[in-house]
Amino acid sequence: MTRKRRRMWIVLLCGLGLGTAAALTLTAFEDSIVFFHSPSDLAEKQVPPGRNIRIGGLVEAGSVSRATDGDRMQTAFRVTDGAASLRVTYRGILPDLFREGQGVVAEGALAPDGSFRASTVLARHDETYMPPEVADALKRAGHWQPGEPPPPAREWNTLQPASAGADTRRATN
Amino acid sequence: MDGPPATPPAPKAPTLGNALHRFANPGRFMRLSGALLPWLAAAGLALSVTGLAWGLVFAPRDWQQGDTVRIMFIHVPAAWMAMGGYVGLAVASFIGLVWRHPLADIAAREIAPVGAVFTAICLITGSLWGKPMWGTWWVWDARLTSVLVLFFLYVGHIALSNAFDDPERAARPAAILALIGAVNLPIIKFSVDWWNTLHQPASVTRLGAPGIHVDILQPLLVTGLGFLFVFAALALLRTRTGILERRARALMAARAAEPAATPSAVAV
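As you go down the protein sequences, you meet chains A and B in turn.
Number 114 in my numbering belongs to position 114 of the first sequence; there are no gaps in the numbering.
Number 175 in my numbering belongs to position 2 of the second sequence; there are no gaps in the numbering.
Treat the hints with caution; some may be incorrect.
To be verified - Partner residues are not named here, just some residues of chain A that face chain B (Cβ under 8 Å, in silico): (1) M8; (2) V11; (3) G15; (4) L18; (5) G19; (6) A22; (7) I33; (8) F35; (9) F36; (10) V105; (11) L122; (12) E127; (13) A135; (14) N157.
Think of the hints as simulated: they come from the structure by calculation, not from any bench.
Glycine is no exception: its CB is placed at the ideal position from the N, C-alpha and C atoms.
In isolation and in its complexed conformation, chain B is listed as follows:
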């Protein structure tokens, strides 16, 4: 069995689907992402290292938390990427489900492990921060629990993506899982406003002025931008690898099917 036939070329009319189609072309994606990847990776590393050094060493201590506040410079950007990554996963899944672009399926499959790692970093650093400040490693409040659910959604997505002999068949159930899980995103974000939680409410994105002094906010934002670029670089790299894997699989399948190699549909 070869993979499902590539989607037929989109006909006429400039719709959303057609605009997506331009970027769903794997060849074009490989060219663009190849050019973008080194810059993203370099910018991500530079900003992350700068922001972390700034935050962990040079930023002032906090009036109530002392030096412990420095865990924030890892915890908060990781939390942003845990949620941002899931937004990416959900968008890719939606596109894959509706327009059946194989590139979106591959992207969803490859984003999930990166998001899971950032979520794990967020949970671990949060636990390390909770013990000295709150007096506990873990509580079942709405924020902590919903982020743990996010982690399980990522892990479930990874498991489901790998549960089929033919990886292409996993795309649809995995996309449905990802979209169902997206309902958790607003719950995470607003959990601290809707319910009493041990976790404090948002500092940066609250109405009015940020509740963080500028000397602490600046390194946080630099690190956040750095983590964003690192995330994007990892996701792009993995997606490129996923495309190549799929091409290799298609080639091997074609070769196994007919040894007298005819140039069959090897398109991804």
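Isolated chain A (complex conformation):
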């Protein structure tokens, strides 16, 4: 075995050891690395009221209610991960992207009544990008129910809506 070859094996073995150590560390700290917990996580973990945490999921369709409380806006909505859902209340200005069916991450604490009182709400968007015309065409054709995640990318990522001219209205906000 030449010295070069020996050096190569030493470096590779060090890499293997380092990788294993990193993987074990990250696995051990998984709970603090996740940026938010899903409503199912929360139900499972029995988080005490008052502890500051982040929860995330999709804003349940039809669950948003807004009220003005003095000069501040009060919003209540449900955050769902499909399996469980959680009622969230928030006073303040929401991000532009906030809407039903949209991903959100809320920071705050559980109230004694079991709802989540958020101090910050961030919008989370999915990894799909498409022109508004394509989104409209999908919705018109019934392939995409409003408030639901978009259909599989294969169905639309090369779709060219024929009547591009008839569809120039602004994107819905």
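Please build the complex by placing chain B on the supplied structure of chain A, with the hints as guidance.
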């Protein structure tokens, strides 16, 4: 003190080391890279300008993000090069550490600042994108944090490379740092799959079809190719300059050592 003696000519047997040795010859590298550099630079500029104009002006808006999505055409290619550059840095460091090719040491040293700049571009544009869409400039989620760590690794590598009076002595500690940092690359890539993050998962390289409409994907890929060539051109240019610097240093050291100039080992 002159630099360490040039590696002795590799003997016999066509091994990986010998194949590397062919391209580790600085003279050959200067010839090849000199011929390649103008083409890389021209292609990189042309593709980047085309892709950016296409993406920033002509590509359609996004259904949910509107015009803000156009930040993607800078952010994503910069992120690709931030990580691709680190792969290059790690490979050069590995070769430098194992086969002790001075050219690999120089390449590693010269790639790092370019990678750091692309990482900074990625972080800054990401922050500018995060504010209008997510509602925050910055959060400590796994993706954002691991990319910030990548930036610090680049900066640390630059600092370590320049921490020695004799730059050649910096090569080994810097290479070790670069290789240790390489463990961060899979963490960045898979952070969005392994943990809940504010950052969305991958669109282009996911299983199945890309989650990007072709009208938005095409300018993104063109810009990505352009950034790749620009990165390669900058790295080559810097490496060539690094070789020349080292030759100049060796010449000056030789001249200082013995004024009655004998043609000593000035090889890089």
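Problem set entry | Hint validity - A/E127 Cβ closer than 8 Å to any chain B Cβ | holds, 4 Å
Exercise. Can the hint on A/I33 be confirmed by a CB-to-CB distance to chain B that is less than 8 Å?
Worked result: At about 5 Å, which falls below the 8 Å cut-off, the nearest Cβ of chain B leaves the hint on A/I33 intact, so it holds.
Exercise. Holds or violated: is there a CB of chain B closer than 8 Å to the CB of A/N157?
Worked result: holds, 5 Å
Problem set entry | Closest C-beta approach of A/G15 to chain B relative to 8 Å, hint status | With a minimum Cβ separation of about 7 Å from chain B (threshold 8 Å), the hint on A/G15 holds.
Exercise. Are A/G19 and chain B close enough, Cβ to Cβ, to be under 8 Å, as the hint says?
Worked result: holds, 6 Å
Problem set entry | Status of the A/L18 interface restraint (C-beta, 8 Å, chain B) | holds, 6 Å
For this session: With chain B as the partner, please determine if A/F36 meets the hint condition of a C-beta pair closer than 8 Å.
Result: With a minimum Cβ separation of about 5 Å from chain B (threshold 8 Å), the hint on A/F36 holds.
For this session: Mind checking the CB of A/V105 against every CB in chain B and telling me if the closest is under 8 Å?
Result: holds, 6 Å
Problem set entry | Interface restraint verdict for A/A135 against chain B (beta-carbon cut-off 8 Å) | With Cβ-Cβ at 4 Å, under 8 Å, it holds.
Exercise. Does A/V11 pass the interface hint, meaning its C-beta sits closer than 8 Å to a C-beta of chain B?
Worked result: holds, 6 Å
For this session: Using Cβ atoms only, decide whether A/L122 comes closer than 8 Å to chain B, and label the hint accordingly.
Result: holds, 5 Å
Exercise. With a cut-off of 8 Å, does the beta carbon of A/M8 approach a beta carbon of chain B closely enough for the hint to hold?
Worked result: Holds, because the Cβ-Cβ distance from A/M8 to chain B comes to roughly 5 Å (cut-off 8 Å).
Figure legend: structure checked against the earlier numbered hints; every hint is met.
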